[in-house]
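Novice: Residue numbers (the numbering used here), protein chains in the order written: chain A, 10 to 253; chain B, 175 to 496; chain C, 23 to 316.
Derived by calculation from the structure, the hints in this document are not laboratory data.
Keep in mind that the hints are not guaranteed to be accurate.
[Stated by the list, open to error] With a cut-off of at most 25 Å between alpha-carbon atoms, the simulated BS3-like pairs for lysine-lysine come out as follows: (1) K187/C - K131/A; (2) K37/A - K239/A; (3) K187/C - K150/A; (4) K127/A - K115/C.
Given next are the chains, with one letter for each unit.
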Amino acid sequence: MGDLFRPGSQLLKVNDIDTYYGSIYALKGISLGVPEKSIIAVLGANGAGKTTLLRTVSGLISPTKGSIEFENHRIERMSAHRIVRLGISHAPEGRELFSDLTVRENLIMGAYVRKGTKEIAKDLSMIYGYFPILGERRNQKANTLSGGEQQMLCIGRGLMSRPKLLLLDEPSLGLAPLIVEEIYPIIRLINREGTAVLLVEQNAILALSVASYGYVLETGRMILSGNGEKLLGDEHVRKAYLGK
Amino acid sequence: MNFNWNKFLYFALAIVLFLAIPFLFGKYFVFVLSVICIFIVVSIGMNILTGYTGVLSLGHQAFFGIGAYTVAIVASRIEGFPFLIGLLMAGSLSGMIGYFMGFAALRTSGVYLTIATLALGIIMEEVFSEWISLTGGSAGMAVLPPALGSIRFDSSTELFYLISFITAIMFFFAVNLIASNIGRAFVAIRESEISAQSYGISLVKYKTLSFAISAFYTGVGGGLYAYLMKYVAPIDFNIHAGIQFVMAVIIGGLGSMLGSILGAIILLVLPQLFGGIVYWQQFFIGVVLLMIILLLPEGLSGGYYRLISWVRHRLQKRKECV
Amino acid sequence: MGLIAEIIQQIIFGMVMGCIYALVAICFVLIYKGTDIINFAQGELVVLGAFIGYSLRVTFQLPYWLVFVLSFILSGFLGMVMEVLIFRRVIGKPHLNSLMASIALGMILRNAIGKIWTFDDLNMPPSFSDSMLKLPLGLVISPLFIGIIAISFGIMMIFYLFLNKTKTGISIRATSQNMTAAKLMGVSVSYVSSMCWAISAAIGSIAGILIAPLLVLNVGMFIIILKAIVAAVLGGFGSLPGAVLGGILLGVIENLAGVYFPAWIKHVFSWIVLLVVIMVMPQGLLGAKKIKKV
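Produce the entire structure from the sequences given, and follow the hints as far as they go.
Specialist: What follows is the structure, encoded as structure tokens:
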């Protein structure tokens with residue numbers, strides 16, 4: 010794991026964090042880095058701690074040990090709402106939409122930390138551009154959307170704060186392959202337009218098709234890291250995650 | 175063999191000492207002990223519902239009042255009414271209404287249910303005040319002494335023996351109830367209604383049972399109260415009384431029979447500390463409760479209960495030594 | 023007076039009381055929506071506001087409009103203090119703690135109010151003239167009634183605008199729908215919590231000042247105010263429009279009950295309604311799905 014911190018500016022640096030999820034020791038000494046404008050994947054089976062990792066970065070949980078740096082701010086003790094203002098946006102597992110609000114209202118909530126109605130309106134159009142179906146359903150309540158549409162809304166909402174880093178938790182979970190094929194190119198597009206992405210996925214091949222680098226978690230520990238080729242070529246990874 | 179003899183002697187000695195209390199101490203002390211016993215019975219009732227089954231009741235004074243008025247009504251109309259029947263009537267009427275409330279428990283749970291108990295308490299207080307022909311209204315009514323055949327339990331000493339005896343019996347039954355399958359069912363429901371159902375525990379049966387038994391106990395407590403005070407009035411059964419009952423089980427420790435005793439004692443001792451000035455007492459309890467909730471890491475469920483358990487453990491240890 | 027006139031008269035009285043129930047129910051539901059806490063001390067908060075208003079009016083002889091403004095601000099501030107000192111700290115803990123905390127707060131407030139002011143009854147001067155004006159059909163109404171209804175509706179309207187058009191209002195709504203998502207949008211949950219308590223205490227104080235002249239200003243008044251909980255349940259717990267509907271409906275049917283039943287039934291009628299609603303239609307009129315666990 011020597012190539013953890015590569016030269017070039019690290020947008021996010023996670024240093025040796027321990028996190029408890031209730032009484033479960035969920036993350037054990039995790040370190041990783043997300044360079045600016047990159048897509049980094051976090052892989053692993055259910056219960057490996059991937060979601061806990063994202064929740065720790067976004068501030069929903071506090072680590073008991075270690076530090077997290079974002080653009081030279083120490084954020085491990087910051088509450089979630091302040092971390093959003095720094096430029097990290099979390100599209101969580103389970104989507105956590107405002108089910109009683111419309112698509113449009115959900116997206117506008119995404120821009121809560123911003124001012125400037127004109128800019129926000131522009132971004133709204135941009136999101137409708139990424140996901141036309143959201144534009145069509147803009148006045149529908151979020152709980153009337155299909156799974157795939159909800160996932161799109163979740164990602165779109167996360168983008169409305171113009172984050173520098175987007176934390177994406179299992180965007181393909183529970184979705185039909187056709188829908189996933191619609192979403193992933195958008196992830197690549199978002200990244201090309203300047204947003205770094207920390208992507209959590211169980212589906213290693215899918216994740217590594219967009220990510221330049223990946224970390225593999227197993228029961229809270231980092232067991233492997235490397236670029237796509239290296240990970241896909243690894244014996245353990247192949248057996249554990251691709252053989253599935 | 176020797177050991178059993180020793181134990182028996184100690185036990186007999188304890189009983190003799192207990193019976194001697196009225197002669198060793200004055201009337202007032204004996205009276206206070208009687209009140210404590212009544213509070214213990216009420217606390218046990220509250221604990222069954224709130225501590226073991228997990229339903230916070232803010233209206234338990236309703237059952238206390240129903241029991242008290244039942245005894246008052248029969249014991250004032252019929253001279254020499256057998257006290258045992260009087261108490262059973264008090265408990266049963268109370269228990270039936272509790273059973274009925276238990277059905278409300280099936281449609282709702284949690285805070286809704288607590289609010290429903292609040293409603294019951296407020297309604298009953300008004301009924302006590304307004305059903306003048308039955309209850310004597312706000313002025314209240316006098317109660318004749320408990321009777322057994324031709325015996326009248328008139329003096330504070332006789333009442334003390336009667337009340338403490340009944341309290342002991344009810345305590346004994348309560349401990350056995352909690353240890354039984356029924357008690358375990360209650361706890362299972364408190365922890366998770368959904369899990370309890372998956373174990374085959376009928377919510378219908380056990381929730382209504384818990385309410386009924388809890389109300390029965392509190393009703394009997396009310397009946398004893400009527401006999402002891404020789405007078406009942408609606409003001410004894412208002413929302414403030416109900417809050418006192420809640421405080422007793424919370425302070426003594428939810429879900430513990432010994433805690434019921436502890437809570438009853440603390441609640442009775444407290445007014446003495448404040449020279450009977452009610453509002454300081456209430457203020458103080460409120461502040462202490464808040465401090466416990468705020469300062470201990472898990473509030474009422476955490477360190478406080480560890481503290482209480484420790485105290486109980488010490489008390490139990492001492493019991494075992496005897 | 024004919025029966026129809028009597029009924030209309032009672033409806034008028036009912037509207038007045040109902041507006042007060044509606045206001046307090048809004049306060050109660052607001053705290054529930056924003057912080058998931060059942061505030062059993064809501065009645066005491068309203069009474070506190072009324073006593074503050076009494077002092078401002080009677081002791082300091084301030085004009086009534088100033089009494090309302092100052093009381094609103096002062097009570098709002100006190101509400102915020104209570105949130106910061108007490109309720110913010112119970113958020114992570116098991117629910118029994120928040121319930122008991124509000125009950126304990128109620129005990130403290132009741133006795134503090136009694137000690138600071140008095141446990142006796144006080145006469146609250148009315149904010150508008152309470153002399154009865156004669157209407158056709160033998161009906162009567164006083165400027166006080168009109169004032170109460172007008173101010174109540176005014177507050178409700180401003181509150182509606184606040185919830186839907188201001189950033190704070192929107193953050194309260196978002197938090198009540200999904201706290202995790204709200205946090206991730208940048209909403210400060212502590213800020214929402216403080217605002218809910220502040221607004222609740224502030225509006226509550228206005229309600230208290232308005233109604234105190236019609237009831238007796240006394241610490242025990244909190245039990246009457248507690249009926250707003252019935253209004254909240256009737257309207258559908260967690261629904262603000264429901265709270266308004268429930269409040270006004272409750273006030274009206276309570277008074278109508280007084281026409282047909284003996285006077286004392288009117289007093290407990292609301293609580294009987296509560297039991298019936300809980301057993302028959304627990305979700306209330308405008309339906310609420312969430313039922314919290316103790």
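Novice: Evaluate each hint against the coordinates.
Specialist: To see whether the hints hold, each was checked on the structure:
1. K187/C - K131/A: Judged against 25 Å, a Cα distance of about 20 Å means the pair holds.
2. K37/A - K239/A: holds, 23 Å
3. K187/C - K150/A: It holds: about 19 Å lies between the C-alpha atoms, which stays within 25 Å.
4. K127/A - K115/C: The given pair, whose Cα atoms are some 42 Å apart, is violated under the 25 Å limit.
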